[in-house]
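> Residue numbers (my numbering), protein chains in the order written: chain A, 1 to 220; chain B, 1001 to 1208.
Source of the hints: derived by calculation from the structure; they are not laboratory data. Among the clues, some could well be false.
With a straight-line cut-off of 27 Å between C-alpha atoms, the simulated DSSO-like cross-links for lysine-lysine are [to be verified]:
id : chain 1 : residue 1 : chain 2 : residue 2
1  : A       : 142       : B       : 1044
2  : B       : 1008      : B       : 1044
3  : A       : 9         : B       : 1139
4  : A       : 9         : B       : 1032
5  : B       : 1032      : A       : 142
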Amino acid sequence: MSLLINTAKANNLALCPQCHKLNNLRSEAANQEKIQCVRCHGLFYQRKAHSLQYTLAWNLAALIAFIPANLYPIMIIYSLGIGDPSTILSGIGQFIDQGLYPIAVIIFTASIIVPLIKIIGLFLLVYRVHTGVRLRPDKHSKFYHALEFLGPWSMLDVFVVALLVAVVELGFVTSVAAGPAINYFTLTVIFTMIAANSFDPRLLWDKNQDRETFKEENDN
Amino acid sequence: MGTSIDTKQFIACEQCDALYEKPDLIQGQRAKCVRCGNIMAERKVDSIERSFNWSLAGILLLLPAILLPIMGVTLAGQYHHASLLDCIVALIERGFLMIAILVFLFAIAVPVVRLFGAFYITYTFKFNKLKPSLLPFFKAFHHLDSWAMLNVFMLGIVVSMYKLLDDTELSVNMGLLAFILWLISSTMAAIALDQDYIWQRLEDEFVN
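Chain B on its own, in the form it takes in the complex:
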């Protein structure tokens, strides 16, 4: 006891706790746990550059995706369409405040915060403006990982289109295209982000 191990020399699998000597990965390589098969670390190719570009695209598409009408129905000469934001407004008007808040969180707030978070982090890395405040910022960013549900909302759009197609005249609006592109860019921004690399750089810079 007493002698502490140099923790920079080792990595552990977060799924099964197996301990390994830290591999020196080059771009495109990944380290896989031999016991449970989990990917412990991955050095992604051009991570900062790609994540920066995708998150920038996502930020530009954000307003059209939220505000433009996604689809509309025509029945007996009447027409009505709705955007992503209209869904939330409609739920509030009908008294489903809890559902409105949760749909807002999962389909708008969390994806938006994640996009801006990824953009800010990659921006500081790209232009070498690292600050110690990035440590708590990036830590908070990780808490949102499992709560973004844009892909589920997309499937929801497809299902409700099928449902409406049967007995009304359905029209698709520009909002759908904007939403699909927004979904793609925010997913790609999240996939391209090399969290391991970012933590390592931040540690070398600010933690002794």
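For reference, chain A alone in the conformation it holds in the complex:
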């Protein structure tokens, strides 16, 4: 009859994020305090502290770094002494011109779509948890896992540039140099990964649980 499920928080328990050991809280009021795990002695909170604020801040930093990452060249190809700079997007354009569609799709997904979806998605999750508007914990927690999983794959372009710089080193004939965008792009990827790590998916369920409790009390 209800969607209410017994949670660790409701029983005054807290789960250690490192070793997954349940810890007893000393008192009801202690749920904001730092806890030391009885098993691994790591310090943690019942919910990640200031989760939404941290996620928002890292996410904003990622968004800012993403702008120069797309404006500056990420790679400069020198042939016979003449440099040809290319940005992330113009690099993808070259792949399309050469007819290498699968590679163009992979790079476009990893370097443009994934960072953008991560940034927009995390903003959305923070907004939904904060306001509780149209919150669907089952759907949203799956979405969060997808974001978390996709994170590292954005490093693809950085690794490609690193490899090309090292391999294509034929002196005057042809060589590849990295451009300034690679710094900003790497920062974008790392900031979004930290932002995703700062988000606590249990907040999605907490908010929902609160509303269900409220509804039940009103029904009775």
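Once you have looked at the hints, place chain B on chain A.
Relative to the frame of chain A, chain B by itself:
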């Protein structure tokens, strides 16, 4: 208030905080959260043995994978090849110190530390040499979970090969084979490691 619950009797889902009575899993069984579908605990088959063997293989493959040239290009009679380590050296020489450090961390340091960590832990379990110092050691090991990017680097190799194939003569070297095998063994070592079981054993041994 005041009465504390025996925490050994329960487990909670780390994704949605749902609380359950602790199931007694046999090898090959997993406990799934009914609310969010997350796998909360899994008793992996022959975890210690498999993880030990894979991490040993990974350690043996480590040096060839890092030092042997992965691929080379020939253009206008000139030939040049590069290994994983050369990528980092080239980035330092061009003044991209930050990128060099991060590529080093994600593609070399974190995977190597994880391999040695998994090897050490499974070694102590296999030969019954458990020490209290394993508790902080295994805790630190968990912090590295999301920062190993060997699989992404592998895709990077494939993409750059495509790119080079178009206008140069590309040659593949032994380093690529070593890297692929290294990727497989370190992934398998991480998958086979039953963290839940290890924590439980350590707790029974050293925590009252």
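> Could you run down the list of hints and mark each one as holding or not?
Checked hints:
1. A:142 / B:1044: The hint holds at about 24 Å.
2. B:1008 / B:1044: 20 Å, holds
3. A:9 / B:1139: 23 Å, holds
4. A:9 / B:1032: Holds: residue 9 of chain A and residue 1032 of chain B sit about 19 Å apart, inside 27 Å.
5. B:1032 / A:142: 15 Å, holds
Violation of the numbered hints given earlier is absent; every hint is satisfied by the structure.
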